[in-house]
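Asker: Below are the chains, spelled out letter by letter.
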Amino acid sequence: MIGITSMGVHIPIYRLNRENIARAWQTRSLGGEKAVAGYDEDSLTMAVNAAQHCVARGNRYTAIQGTFFASTTSPYKEKQAATAIAATLDLPSNTYTADITGSLRGATMAMNLATGMIKGGMAENVIIVGSDCRLGMPQSDHEQRFGDAAVAVVMGNSDPIAEVKASYSVYDEFIDQWRFENDIFVRSWEERFTISEGYMRVLKRSVTEFLEKGGMKPEDFSKAIFPGPDYRSQIGLAKSLGFDPKTQLVQPLFSSVGHGGSAEPLLTLCVALEQANKGDRILFTSYGDGSDLFVLEVTDNIERLKDSQGLKAQLDRRLEINYEKYLSWRNLLPIGLPRRPEPQMRSVPRRWREQKRILALCGNKCRNCGTIQYPPQRVCVGCGKKDDFDDYSFIGRKGQVFTFATDRLSPSKNPPTMSAVVEFEGGGRMITELTDCEPDALKIGMPAEITFRKMNQSTEMIDYFWKARPLMDGLKYLEGGVHERD
Amino acid sequence: MKGIRDKVAIVGMGCTRFGELWDKSVEDLIVEAAYEAYEDASIEPKDIEAAWLGTVQSGLTAISLSAPLKLQYLPVTRVENMCCTGTEALRAAAYAVAAGVYDVVLAVGVEKLKDTGWMGVQGSNIVGETSLGVAGAKPDFSAPEMFARLAVRYFSRYGIDIEEGKRYLAKIVVKNHHNGALNQKAHYQKEVTEEQVLKSPIVAYPLGILDSCGVSDGASAAILTRADMAKKFRKDPIYIKALAVSTGAHQELRDDYDYTHLEENVQAAQMAYKEAGIKDPRKELSIAEVHDCFSIHEMLIYEDLGWSSRGQAKEDIEAGTFTLGGELPVNTDGGLKCFGHPLGASGLRMIYEVYKQLQEKAGARQVKNPHLGMTHNLGGIVPGACIGACSILGN
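Just so you know, the protein sequences line up as chains U and R, in that order. When we follow the numbering used here, the leftmost residue of the first sequence carries the number 1, and every step to the right adds one. When we follow the numbering used here, the leftmost residue of the second sequence carries the number 1, and every step to the right adds one.
Source of the hints: derived by calculation from the structure; they are not laboratory data. Please note that the accuracy of each hint is not assured.
What the hints assert, rightly or not - Below, simulated DSS-like cross-link-like pairs (lysine-lysine); rule was C-alpha separation at most 25 angstroms, straight line:
hint, chain 1, residue 1, chain 2, residue 2
1, U, K79, U, K165
2, U, K278, U, K246
3, R, K46, U, K443
4, R, K46, R, K314
5, U, K443, R, K314
6, R, K199, R, K314
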């Protein structure tokens, strides 16, 4: 029984109200807001956080033998990103890893590949992350529409929350949206053409063929997902295919997140699954250079998705930013940073030999005195015993703030930089940078969790590492903290 | 362990004015400090037998000292130990004299920070690869942030709310500025009010810009000789009673570290008291120069160095214990607060003040009838990867 066994999501905490964009350009607002990856996020960091959420919701220790990263905005043009996701999950070196880039339906392409791997006995569980941070040109509709998000699913051969009952794929060579080698903004042809002869034509044909092949009718489905450029076209498509848009069409998160690019199909699936009941049948499709189609049947394992850190909680947890900040975070508006010495020398060999402590956040625990220490030491800081440790990973552990400060000298695109000493449940401490947090909220005792971020970025290298952020379950602590005065 | 007590004397010292010395080079600073020291000791440059240079970022080798002073073909060494560098230069020189290898030596500390254009000083980027290493990924926190973290925890631990805590810190700042205003060698020679300190813009919450020391250029120098030869140079030599250094090894990784004290301070002070034979430092010391890089640090130092009991520094601040006319005057020259902190120069600048005080040549800042003076530095990555250094001098 192959299916989706877990699902995790990462919606960045920052929101940009579309009115702010419209006001800057004296254009029409498309309404609502869009999710904006923080200054310290990109498609890879968001993917890692979605993957962590996904494995925590399923069974963290499920053996995963494959990792797919689907994105059109990988930080690397040359170099895989799926390997970094696998390393943060501390997966064994014989895990199969691949990036699927260049198409907005990369995540569903990966689902098909994963299904094939599982059927062929190459894997029992495969994790797939769709993640994108696409840029629309300032003042364009794209700028308002695109939102940043990452969604991860594990596909496996036992205990699914939604079983794959059937699947189908078509390709279609059609030029509606594209980016060339050196483009940072998405290009597209006139929408009247791309929607009617692209999205509508391709999905209409492929859905019709899929239903016919399986002897299925629209009324066999409780929900249908037709990811497309805008909701109105989706309603039109649903109607023309004989689906009831009101009851069957799953509404995308355009007014709160935006179009999530490679994350979009899974994001809409996440909306559907978090509200689904046992026995629901979902027609799940994607669009981009063709279409992938699945029939999913929800099982009673769906209860696993009803936790407090799901999509709804992440949509509720938000910090608004202004348009200028958004532009500076996307390097579209240069800003003056404090004059400070260059951070320490970048060294690839160092990063390589310290990879386990950096990506898998692995410290060690002394077998003699039990002291947990991060980063891992050769000689125990507790008892002085040499080389007598077990690995100790901090991933997935919660903690609380022991002390904190702000830092207005440390250069940041979201000043002030915030620091915290986090004490972890079960022992161990870390001096961390705090993110996704307002300085007013800082408080001793504030519950915190770790989150994967970009620390520094030069033209030469991106330094990925973990920061801390207020624990989502501990939202009440965000009120009534100390206030910074200038 | 025999220690250094009463084996070595300081017979001459020099110190430049500290400040934003745009028109002065490292060479200028070294020459000014060293020639003041030569003159003070009534010696000629040719009398120097060996020399030590303390600098963190204004010279990588001993050539930076031998060349400006033309110490041709002498044994010269550069030492570095973060903010304790100046004190370390003196310590190396003193031990060489105590070992009987040389009779007359020179220690110079210098730093030229204002050529960099940076706010603050270099931090973790000069420490290099340590056992704290997380390559390129460690947060790049500034020095005020590291001390702000201690302030937040200290106030919380002792039930002091931030507003109240900031008032105690402001009193320390006001005291040091009062002393600095009496010192023509200080960078800042101006009094400040408690209100000005409290209203100064935040640098690292809860610390404001006026809770922070300045960034300055400066140099200081000392001539050392054997204690039994000291009176040949002058009638009032100053004797080294103790030199102590304590280096941390990541106690901050342990769950039991409290973030309200710095153990390197405690250990260096205890070592120094033992070497000098001091039982009750608060009573026996006449004056102390301490590392007030940020106001909260001076508050912690009162406790770490054993002058105030834990959590009680605020009472001594309120009582004026550490003011110029108080029980134990601290930072009589204005401290780092008014001198700024040219890393390699600060330790010897503190020793310069104690030396002048013990010779009763401190002018308007002179404390009455002094016998023993102490200096203290702390450097490194706070907390846990620090170096604490103390010296005790007597007349």
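Asker: Has the given pair, K46 of chain R with K314 of chain R, been kept, meaning a C-alpha gap of at most 25 angstroms?
Answerer: Distance of about 51 angstroms is beyond 25 angstroms: violated.
Asker: Hey, K46 of chain R versus K443 of chain U, does the alpha-carbon distance stay inside 25 angstroms?
Answerer: Roughly 61 angstroms between the alpha carbons, so the hint for K46 of chain R and K443 of chain U is violated.
Asker: Check whether the Cα positions of K79 of chain U and K165 of chain U lie no farther apart than 25 angstroms.
Answerer: violated, 35 angstroms
Asker: Holds or violated: K199 of chain R and K314 of chain R, Cα atoms, limit 25 angstroms.
Answerer: Since the Cα atoms of K199 of chain R and K314 of chain R sit roughly 20 angstroms apart, the hinted pair holds (cutoff 25 angstroms).
Asker: Against the 25 angstroms threshold, does the CA-CA distance of K278 of chain U and K246 of chain U hold or violate the hint?
Answerer: holds, 21 angstroms
Asker: Does K443 of chain U pair with K314 of chain R here, judged by a C-alpha cut-off of 25 angstroms?
Answerer: Judged against 25 angstroms, a Cα distance of about 23 angstroms means the pair holds.
Hint check: violations occur at hints 1, 3, 4; the rest are consistent with the structure.
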